[in-house]
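Sequences listed follow chains P and U, in order.
Going by the working numbering, the first residue of the first sequence is number 1, and it counts up by one from there.
Going by the working numbering, the first residue of the second sequence is number 1001, and it counts up by one from there.
Derived from the structure by calculation, the hints contain no laboratory data.
Positions of the beta carbon are idealized from the N, C-alpha and C atoms, including for glycine.
What you were told as hints is all true, and nothing was included just to trick you.
Derived, one-sided and incomplete: chain P residues facing chain U with beta-carbon distance under 10 angstroms:
#1 68
#2 86
#3 87
#4 92
#5 94
#6 101
#7 103
#8 116
#9 136
Okay, derived cross-link-like pairs now, EDC-like style, lysine to aspartate or glutamate, Cα gap no bigger than 20 angstroms in a straight line:
#10 U:1074 with U:1164
#11 U:1019 with P:135
#12 P:114 with U:1011
#13 P:113 with U:1011
#14 P:52 with P:220
#15 P:138 with U:1021
Stretches of chain U that chain P covers, calculated by requiring three or more beta carbons in the stretch to come under 8 angstroms of a beta carbon on chain P:
#16 1002-1012
#17 1078-1092
#18 1252-1258
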Amino acid sequence: MTVEDRAVILELRDVSLSYHARKSSFDKGTHRVLDSVSLRLYEGETLGIIGKNGTGKSTILRIMAGILAPQRGTVQRRAGTSAALLSLGLGFKPNLSGRANAVLSAMLQGVSKKTAISYLDEIKAFSELGDSFDEPVKTYSSGMRARLGFTTALMTHVDILLIDEVLSVGDAHFKAKAQQAIKERITGDQTVVFVSHSGPQIREMCDRSIWLNDGVIAEEGDTPRVLKAYNDYVKQLSSETVLVG
Amino acid sequence: MKLSQYLSLVDFQARMALKSDASNYFLGYLWWVLEPLLFVLVFYLVFDVFLDSGRADFLIFLVCGKLPFVWFSKSVSQASNSIVANAGMIGRIDVPKSLFPMAIIQEGLYKQAVVFLLLFIILNLQGYPVSGSWLWLIPIVVVNYLMIVGCAFFGSILVCFMKDFAMLIPLGMLFLMFMSGIFWDVRSIADPQLAEALFTYNPMAFILDSYRQALMFESSPDLMGLLRVGLVSTALIAVMVWYMRKYNEFLALRALTV
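Here chain U stands alone, though its shape is the one from the complex:
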């Protein structure tokens, strides 16, 4: 399949899914902003109003972490099921299997563009004016996207092998959420070595911190760290694409019979 055909199929599937998704709900497209706002509201209530986070800037701290995290977790969870979910299509036509997770990722990307806009509005309303350091968002978002693609491809192959992974992946996301400093600050860990280890071995904690550095503290993220996460993600994507090409028919059989 030609790349242009591939991309246009990804785009078409994503747009159509967004359209049909919106028509399924009374509030339609409003859910794009409503859902992330409700997520933030729940966390804000629990961790600031009830438990007193002790931070004056907790709301901003929370949205800068929670909104990118939800992008990752929703995209990866949904994309993981996508090859198996499209078994009907796969049984009729020989297509690159990566098409299905990519369509879900693209759908998430369109939604996330709106969510980022929402994030900027909240920042402005809370007294964080647009600043030059926001430009750091470009490489941060790119690396975040690569992480999503790599993990989504990996997850979608795992679910082809054993449907049980479809149960484990959302649990893994929950664990990742607690481990990545969404409602608590990794930098506030008393033991600096432990904080360092968390940033090194949990790319999600690192990337969320990078968002906060750029948006809240007008400072550049750790560029070497960013490059490292970007390269590892790219390598993961390359291996997954290689696998999906080499075992294209095998994955079809798995999707049809799993």
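Just chain P, with the same shape it has in the complex:
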């Protein structure tokens, strides 16, 4: 059975998104982040999205998670499916302890306070934060934040797991552990969208991939083919930089 024979769990059609961000006072600069992007996500697959920084990868995940809505185009998620975004970002309250933040994150994902508290031992153990778990998050290193965020998000079970670069931070030991945990999820019937700017991780985890470049899909299909196109582009880009430099 090829991926395309499976049921579509989420579909984006001609999705475009732009926003205004001031570069200086009285400015109204328009940024076009996504331009007519269409894609299908099939049940149980692991889809990779690769592309350089600032090319709309995180935005597309936010649209899939229902956090943002496109200005044009449609998003169709199969009725009753839940999606969660696993990302590093700043989703913590710096003055609260890791413990309080873990409870808050889990509750925001929709579980009751009681259930959230029942996850705590597991989160503390997996994240390996030790005594720091009860200290304010503002005292954490970026690696510790990454571990807390990853572990908390991993506890909640959703139909579509959207993973945004989370595996690119943290020490080698935790990275391997996190990758293993995700792989275990993937071998089940978890649907995953995996965003990265690192080729090897996409190659290892994803059957099908999309290369997103400046808000449009530059290539899609089998992972090796997409990665080759992306790598050629990156090589060309760096050789141009050398010429200019």
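Knowing the structure of chain P, use the given hints to seat chain U on it.
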């Protein structure tokens, strides 16, 4: 999101904020009463000791106005920034945006319960015994709370549109403070029409006067006026909640990019 989940999230965020707030200061929870007391002290010094207010009951007059006003102004100012301040959270999880101002309001409500207790103690110490007319406080506090929620929601949306509003709102609060008869009595304005207009068009002046009527003069507030302010506030809340639901994703984009 279910209502029970929403309420428990509001409560949890408020409690945690209070806890971490207290641990940030050496005097911790003492600031809950210290801050309002210092506010009152400053105004008392300036307007009674230096400028001679000419009222024997100035201290009580001042606390009955200042303490509810600080509840309003602090809650609304802080809540106005709350959606933008939680952009990190909003970029990761799709949640009702009203959750963030509500958490700040709840935090203020817990503190205010203690402040009201302080107010009753001051009243007693100054020779105003507990009286039946104090029961009027229940509808007055409810209306005051509705005013806070409505204005906080409105402010939090404004700041999403333009961060510049975060500069304007504290200025607006200062203006409101001068306009609402905190250290002067609206009823002492020579022109009765002007006083009437102030009570009609400035709900803050009206509500502070209501507190004083109930606590100092053992009389009922203007019930029709109270009902009117309560209804207008409820309508404002309804419109804001409708807006936040309808433009949920748009507000997220604004919060992430403003």
